[in-house]
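Asker: Throw the hints in and build the complete structure from the sequences for me.
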Amino acid sequence: MPIGLVLSGGASLGAIQAGMLHALYERGVAPDLIVATSVGAVNGAFIASRPATVATADALGEVWRKIQRDDVFPPNLVTGLLGFLGRRSSLLPSTGLRRLLERHIDFERLEDAAIPLHVIGVDLKSGHERRLSEGDVVEAVFASAAMPAVFPPVRWGDVELIDGGVANNTPISHAIDLGATEIYVLPTGYACHLHTAPRSALGMGLHALTILIQQRLIMEIRAFRDRARLVVLPPPCPLDVTPADFSHARELIERARRDARAFLAAAPLLAASDSDRLSGQGLCPPPEPFAEKSASVRR
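Just so we're aligned, residue 84 is where the sequence shown starts under my numbering, counting upward by one.
Just so you know, these hints were derived from the structure itself, not from any lab.
Everything numeric in this text was worked out from a predicted model, so none of it was measured.
Ideal Cβ positions, reconstructed from N, Cα and C, are used throughout, including at glycine.
You may find that some hints are simply not true.
[Said to hold, decoys possible] Quick list of simulated restraints, FRET-style, between CB atoms: (1) LYS149 - ASP309: 37 to 43 Å; (2) ALA138 - GLU185: 19 to 25 Å; (3) ASP141 - PRO199: 38 to 44 Å; (4) GLY111 - SER132: 31 to 37 Å.
Answerer: Written as structure tokens, this is what we have:
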């Protein structure tokens with residue numbers, strides 16, 4: 084039974100996946116393949132060449148605890164002004180994120196990953212999804228995370244690619260196409276309990292995008308519930324951290340690990356009839372354990 088790991092996008096909320104991975108790895112859940120989008124692709128590239136152990140999850144968590152907003156979204160007055168004036172296609176330079184990727188990805192090409200890694204981008208002109216399984220890993224991951232208007236598109240062969248989250252932020256369908264029959268989905272959720280609205284344009288845009296993305300996740304769970312065994316881990320909720328805020332990584336990791344441990348211990352099969360419990364609040368609060376058939380996670 085091939086096991087697939089699906090990592091969704093979510094900018095700074097990607098820290099949540101480090102906690103979820105810790106809970107999965109300590110139970111012996113080891114993926115045979117990884118499919119990921121946006122920040123999920125960043126996390127996926129980190130773990131794809133490392134053993135499926137708690138130590139790997141902890142190492143990823145340590146990376147997240149050290150990341151500052153300016154490491155990913157470095158302010159640049161000239162780039163921002165040129166973007167505003169229509170002389171550039173992005174408001175921020177790609178240098179910060181590229182440095183981060185080069186520092187923490189320790190293989191060169193997607194096909195060299197110890198655990199097969201596939202990342203999702205979107206063809207800027209056609210809007211079609213592109214699953215990248217071969218080629219330069221840093222370029223592929225950056226393409227998957229190249230948020231439109233924020234980062235420049237990435238040239239990939241004869242096309243330009245942008246953030247895969249635009250078309251498929253939680254690529255369950257690709258994991259199924261690749262043969263996975265047991266799929267663990269690691270969504271990052273969204274800020275469902277904000278006390279005030281995001282103050283920056285970047286923060287507002289990312290927050291709105293995560294709300295839209297969560298609705299698609301609900302639809303995809305319903306669409307693919309009969310084609311594979313889906314285990315959808317609950318992201319922390321209520322949550323008042325926006326995807327542009329990198330200062331809460333430690334808290335997010337701990338909450339995600341705790342919630343995932345409880346969820347996995349209690350029967351985590353997302354069944355067809357129970358997927359309707361996912362409302363406009365997405366996976367908030369975490370769903371009660373449910374199963375259409377008797378099932379258990381590997382122990």
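Asker: Against each hint, give a clear statement of whether it holds in the structure.
Answerer: Hints, one by one, checked against the model:
| no. | hint | in the structure |
| --- | --- | --- |
| 1 | LYS149 - ASP309: 37 to 43 Å | 42 Å, holds |
| 2 | ALA138 - GLU185: 19 to 25 Å | 22 Å, holds |
| 3 | ASP141 - PRO199: 38 to 44 Å | 23 Å, violated |
| 4 | GLY111 - SER132: 31 to 37 Å | 20 Å, violated |
In summary, the numbered hints that this structure violates are 3 and 4.
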